[in-house]
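There are 2 protein chains.
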Amino acid sequence: MTTSDGNRAEIIQRLLKPQSIAIVGASDKLDKVNGRPLKHLMDKGYAGRILPVNPKYEQIEGHDCYPTISDLPEIPDLTIIALPARFVADALVALGEKGGKAAVIFSSGFGETGAEGQAMETQLQEISSRFGMCVMGPNCLGFINAFEKVYATFSQYADGATGDGPIAFVTQSGAFGTAIASLVRQRGLGLGYFINTGNQADLDFSELMMGIVEDPRIKVAAGYLEGVKDGPALVRLAKRCRELGKPLILTKVGRMESGARAAASHTGALAMSDAVFDAVIRQYGVIRARNEEQMLDIMEAFCQPRRPAGNRVGIATQSGGAGVMMADRAEEVGLEIPQLGLETQQRILDVMPEYGAAGNPVDVTGQFVARPELLSESVVAMLDDPDVDIAIVWLQLMTAHVDKLVNIFADIQTRTKKPFFVCWVAAPQAALEALRNMGIPTYTAGERSIEAAAALIRYSESASKTDDSVMLTGNGEASVGNGNLPAGALDSVSAVDWLTRAGIPMAPVSLATSEDSAVELWQRTGGPVVLKVESPDILHKTEIGGVVLNLNGESEIRQAYNLLVERARNAHPKADLKGILVQPMSSGHVELVVGVSHDPVFGMIVMVGLGGILVEVLKDVTFRHAPFDRNEAARMLDELKTGVVLDGVRGKPAVDRGKIADLLSRLSVWAASMEGRLSELDLNPVLVSEDGPVVVDCVMILDASRQDVAA
Amino acid sequence: MTTSDGNRAEIIQRLLKPQSIAIVGASDKLDKVNGRPLKHLMDKGYAGRILPVNPKYEQIEGHDCYPTISDLPEIPDLTIIALPARFVADALVALGEKGGKAAVIFSSGFGETGAEGQAMETQLQEISSRFGMCVMGPNCLGFINAFEKVYATFSQYADGATGDGPIAFVTQSGAFGTAIASLVRQRGLGLGYFINTGNQADLDFSELMMGIVEDPRIKVAAGYLEGVKDGPALVRLAKRCRELGKPLILTKVGRMESGARAAASHTGALAMSDAVFDAVIRQYGVIRARNEEQMLDIMEAFCQPRRPAGNRVGIATQSGGAGVMMADRAEEVGLEIPQLGLETQQRILDVMPEYGAAGNPVDVTGQFVARPELLSESVVAMLDDPDVDIAIVWLQLMTAHVDKLVNIFADIQTRTKKPFFVCWVAAPQAALEALRNMGIPTYTAGERSIEAAAALIRYSESASKTDDSVMLTGNGEASVGNGNLPAGALDSVSAVDWLTRAGIPMAPVSLATSEDSAVELWQRTGGPVVLKVESPDILHKTEIGGVVLNLNGESEIRQAYNLLVERARNAHPKADLKGILVQPMSSGHVELVVGVSHDPVFGMIVMVGLGGILVEVLKDVTFRHAPFDRNEAARMLDELKTGVVLDGVRGKPAVDRGKIADLLSRLSVWAASMEGRLSELDLNPVLVSEDGPVVVDCVMILDASRQDVAA
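Sequence order for the protein chains is S and F. Numbering follows our numbering, with no gaps: position 257 of the first sequence is 257. Numbering follows our numbering, with no gaps: position 349 of the second sequence is 349.
Don't take each hint at face value.
Just so you know, same-sequence chains aren't split out, so a pair can sit in one copy or run between any two.
In silico DSBU-like pairs for lysine-lysine, Cα to Cα no more than 30 Å straight-line [as the list claims (entries may be wrong)]:
#1 K652 / K641
#2 K619 / K641
#3 K32 / K56
#4 K641 / K56
#5 K39 / K641
#6 K541 / K404
Hints listed in this document are in silico derivations from the structure and should not be mistaken for laboratory results. All values reported here derive from a predicted model rather than from experimental measurement.
Between the sequences and the hints, there should be enough to build the whole structure, so can you do that?
Right under this line is the structure:
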């Protein structure tokens, strides 16, 4: 990207809303890849100028056809390149020389085919960069802007109805993306934009979506990803979506390690840790859908404007069992099924037949066919209850009563301002269409309706609650003055000193270089101490028996000192043994592991997990992108599956989650300031007592090359 | 049940395939509950005799109508009772006096409405029992036998086409069950039987399904449950289905505790532990579907006759990303995505365009539209690979190419004997219908196709692998001779002795009633010992500090003896202190908890989990119905989420899973022999070293009332 971001943003807007579109390699065979854009533009009524380019034709379908790009009578806002791969670079140069700034390259045969194709793709990047162009593709289906009727695509999706709508959907995969777009159409939700980014040689998902979310006609942003190269761009996009109050829904494949490998080989994307991706996007309010069905379900929930104020769900069904299944799922995903207030119960009992139940879920039975008010009054009463934030009505089949039921739901909709969903199993098609036309999210399976409600609720929750106190007071200056440190493991005394200045509660540590100094340091401590081997070449001290705990007495200290020197020499004869660390004994009944690492996609990442056997057996850790505030840190602790250990198990007292969150937030501020200089930091163990956490051991590794970059 | 089971089985067969059907309370208003059965029987061509009963009519729709049951000209094989609740009991008596043996009661207003209704329901049970009748309902939609065109129902489902088919579906819920039946119809799978059991006053899910699975026209048994009262009947059904090689697919709501409560209150079922239900049905080869969508998906997989020989899945897609998503899900559910053999890869590369990939998943791209052999040859090559057991082909949309694709799949089907599925996202309806008519399981979402494949694979796996060596040699006789023991906690020495004779590796234990005898017992042990308080009133010894470890020396023993006596007296002054137990120290680096309990639904249940913090924080335990063999016990260990601890973590050696499985299997045989006498057994901790497990502490509680029952 040689052009400024602002300039690129303008070019992207012209690309998405062009006044003129050139089609290089246009064909009069309108069913072929290079014929379909022209057909769609004409059929669907594009109002701008269409400029086919192909020396074989004088005209195509009444449009003057130009032999070469340089022959074009104007600089097109958008140029579609539909040529065999080997001709694409020359066409792009010609476009650049003409002054064209935006292109969509359909052609395949680039990075996705191997090294040779990758070299050709790199060439495209160089050309677009040289001319300051924005290029979509190669190896993509192009895009649709349904508002301005721009059909710069050969996707099968364009063959059907493509009415506009509030959803922008950007997909890396053409085939899967086309399927998802078709599912959106099947639901009648309406795609305003549909973009397939393909190989993303230049324009990637985040930059394109950034150009779309500002469009006031767009209410919901959704993406299908196979990998992410530019993490910061995705973070910027997520933050912007949050500012705009527009949900960003992402499905990314490669959740498992083997899947991630396959995805990386498929798209040339970096093999990023899915766990990091998952945590970081959650941190910035992105909603992750696990697959295409869930993406559709969540899209539908957000296409209507109502948002729940909390996580309390009222459920009304005509089947007790369906209610139980939905309540089960709600509990699993952390939603509440509240008791209804007495007044609400009375209102429901007033209309309820004897064999219904006024609890939550409310079983209204099938009798509402004869008495519609049974359903409408029950659901309105439920939604009027101050302890209910959103309601879901479950019903089934009822083929003969569609009109009656649609009227009931229309009535409910006017009588409440709270969101409510319909779940209609084995629904007649007419019912689904009518309800969706009314803007009522409608599902065909109970568990799926609960999951969609959960996404709506989580999104509302994530928009609130920030506590910037740590981040605003800041402690980044603690990293100043250490710019000239060499690469590799930093000595423990310096590392502890540095982190202490950054506000991290480190157990103090001193270096003894002789028996006598060890004794002196112990005496100064005035209590039991730990002795540890100190060497940049021995980072995992415990593996060589390089730690001796709980020493209190001169002869003990001397013996331990000599023992450790001996062990270090035996295990690593060539290690640079700096001495023996002396540290007062720390205590704490909860053991944490905390770390900082440099993720190749997102940058500085902070990790926390329960230590000991729990982290080893369960890999129960969670991540955040640095920096983050204390509330975000507290949410990390909430995410730990074994987090209950913090609240006291096996007779142990609870520890203060706030103090741990404080440590994590401060560490994240420091970590962010170390971007480009820190390679890795392990704080392990962090012992937590009722007084708070203390870091007992740390390994800090600085990065030479990154230090140069940042300098 | 006063009639013998054999007699009941005959009555149930007549009920399901009646030559004559009486309709008590029949109406000429054919759209009403009491008119609909007649309408359906006539419309759908029931060949037997239809006998309406209602004093208001001479005839209904050309059928002679009889004023009362006693006026009927014959004893009907089946009688439908469609009367208000208050008239049902009298009708049932009249039927009994007439000699009728089988009835379906539609009427609601019984157990589901509260205590008064429950009393009326109990009366129905008494009447049916007195006359040796089999009664379906009350509060049910009745049933359909589509083969013999028996429509003893008023379900909405019967309004549409109800062609027969290989699935028997029995549901406790009417509304939810109707929805599921309609979904089965939408998929074109075909229901042979559709039964709603309602309140199950007499006939329950298991007994009815037992009468159906023998029908050779039925290939797949499926059920929707809200609760289970008769666990042994369900176990018998599951065993019979396994013998017949017919899958039994169950969806049960109430997975979470709150849901289970709601389900119990809804159906009057026992609030059984869902974890026990889940484990026990898995033990007997039942497939659990988590919701109605998954039930349909799994039904569809089993409706075709091909079964995979193993868990290795080949995937072919036209989208790399879809392949990754499916591979991810496969890994999550324990399926393998094998590397393809070199020969297979070569065969695929022979037909593959340059931009495809011959790995697994195979990305055949969208080019197969132009070159059908690309798809057919790739998939056949994959299925020919000896390392592939089942294949799934993923594609999308392709509205214009349905016939071509259906022909490709027909070709593949004839060229392989292995099962394969099609996953077609945003599929044209014609494609779904054509493929399903060909018996190819067809899905519309990738993850769902993987889950259905997993069910097919797990079922094939569960049919094999039994190791009855422990169960056949038996050790039930170990329980003989203890019949007269009193209820309550058994003393430790007797309990250890008893379990030792049953083949359980118990740490030996002796009771000291004086300091001197404690010393003598220590001396006899010849090494370090543990001393523990022994009292039937102090079952949780550690809570009062009632255990002292690692004693070795006379004065230590004496001091510890007195300390424990003191502690017991202080903590429980009125406790019956029998003495102090002396036990040699045991060691083991893995700690298990093992237990036996009496489940109200299923009977004797064995539990195992990892001990210590893992069981406390994670509740990671699993269950089986006693007795079971060593292979089943090994599967219990496989199910533990923290089972990796058994294989050695944190530098510890692995332990022998086989020896733990042996303990569990032996314990299960003993537990089964104790049905009716054992209330509870806790073996905690069980320490496992490289030498195997040893039970260090046990609490056995006998049950007086149940002892009487068994006597």
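These are the hints, each one checked on the structure:
no.	hint	verdict
1	K652 / K641	both (18 Å within a copy, 24 Å between copies)
2	K619 / K641	both (10 Å within a copy, 12 Å between copies)
3	K32 / K56	within (16 Å within a copy, 72 Å between copies)
4	K641 / K56	neither (65 Å within a copy, 66 Å between copies)
5	K39 / K641	neither (54 Å within a copy, 57 Å between copies)
6	K541 / K404	neither (74 Å within a copy, 66 Å between copies)
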